[in-house]
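Number of protein chains: 2
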Amino acid sequence: MKIDELDVRIVELFSEDAGIGVLAASRLLGVARATVQSRLDKLRAAGVVQGMAPTLNPANFGYPVMAIVSIEIVQGMGHVPVGTALREIPEIVEMYTVSGDHDVMVRVVARSNDDLQRVLDSVSSASAVNRTRSVVVLQTHFQNRVLPLFAHVGGAAERNAE
Amino acid sequence: MKIDELDVRIVELFSEDAGIGVLAASRLLGVARATVQSRLDKLRAAGVVQGMAPTLNPANFGYPVMAIVSIEIVQGMGHVPVGTALREIPEIVEMYTVSGDHDVMVRVVARSNDDLQRVLDSVSSASAVNRTRSVVVLQTHFQNRVLPLFAHVGGAAERNAE
DNA sequence: GGGAACGTGAGCATTGTGTTCAGCCTATGG
DNA sequence: CCATAGGCTGAACACAATGCTCACGTTCCC
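Protein chains in written order, with my numbering: chain A, 401 to 562; chain B, 401 to 562.
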């Protein structure tokens, strides 16, 4: 997928406000409506843009506390059973299988520090979980900040070879 | 902010496809259009819904490799200079200040394992960074999965969703 | 009971959508 | 050197959705 500056500008506009609409975007960018439409279609078809979704902030509906938990699973168990077990815990908002000392890393949210204890316990008590180590998030600098990278890719198209 | 089942159903609909529109959502839910509109306004005003944004997937525009890096900063330096230094690296898509042995945790993406080396080096060479430890993400189970938690808050705990 | 907050259904003018089309430009390749 | 393909344009069209406002019926609680 080749991404140029127009693609970047379109995505930036829709990131500010997805409700902007194809027509308004085309006017702001000084291009034809059909162009914006076809670019969006292509970006979506390529999977670059997965879709448009409302951004939910757990901190604003009762879950201001966040922690990152490294999980070590018991030897001999695949990572699949852990995955299915942990999937049932709604407080887990992110989950990866990773290399290194630990096997799984998750990000959890909680209502309070007290509540975090409960969440961590529910993680620990999942089957196939051996040991956990958790750190509390003190400050969120940014989350899911993909736009600068995307702009970098789009801008590098002219200056650098790919 | 009090969240009821209608709020959850509205957000679920818009999460599937934010372009669904207020009118179509109201028809699917069997409520008046003005109701959906006012609910959305309130959710947005409360900050529960931050906005609607296109979901970008770095894996689909050239960055399929992902890693999580724990960073220890040099004693005596505040976390602010590290933050500003790391902010300049577009490959960092997530950044937290955390408690525990390490001080900062970031999630980075890269074009390949080779490229990951370059990204990690650029992190390590940031000012105030003392030591880093990184793990490679082998599998992404889910990212930013807030809907189940939101549904849980909305009193849909008894109900089996999806 | 009074009042506030909420949901309803309806109305209105305006605007955006999806779709299609022919024409034009530029880059690429025979 | 010309031919072809792909992208962008601007326009057209019917249709649908939007933002806004309103009067009215509930429900809940002071």
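Please keep in mind that the hints were generated in silico from the structure rather than gathered at the bench. Just so you know, these numbers come straight off a predicted model, no measurement behind them. Just to be clear, a hint being listed does not mean it is correct.
What the hints assert, rightly or not - Subject to a maximum C-alpha distance of 20 Å in a straight line, what follows is the list of computed EDC-like cross-link-like pairs (lysine to aspartate or glutamate):
#, chain 1, residue 1, chain 2, residue 2
1, B, 442, A, 417
2, A, 442, B, 405
3, B, 402, B, 441
Said to hold, decoys possible - Among the chain A residues that face chain B by a calculated CB cut under 10 Å, a handful are:
#, residue
4, 429
5, 455
6, 507
Note that CB positions come from ideal geometry on N, CA and C, so glycine has one too.
Okay, the hints, checked on the actual structure:
The hinted pair formed by residue 442 of chain B and residue 417 of chain A meets the criterion: a straight-line CA distance of about 17 Å does not exceed 20 Å. In summary, the hint linking residue 442 of chain A to residue 405 of chain B is not supported, as the alpha carbons are separated by about 36 Å, beyond the 20 Å threshold. Only pairs whose Cα atoms come within 20 Å are accepted, and residue 402 of chain B paired with residue 441 of chain B is accepted, the gap being roughly 14 Å. Interface hint at residue 429 of chain A: violated, since its Cβ lies 15 Å from the closest Cβ of chain B, which is beyond the 10 Å cut-off.
About 4 Å separates the beta-carbon of residue 455 of chain A from the nearest beta-carbon of chain B, less than 10 Å, and the hint is met. With its C-beta approaching chain B no nearer than about 9 Å, residue 507 of chain A sits inside the 10 Å limit, and its interface hint holds.
Checked against the numbered hints given earlier, this structure breaks hints 2 and 4; the rest are met.
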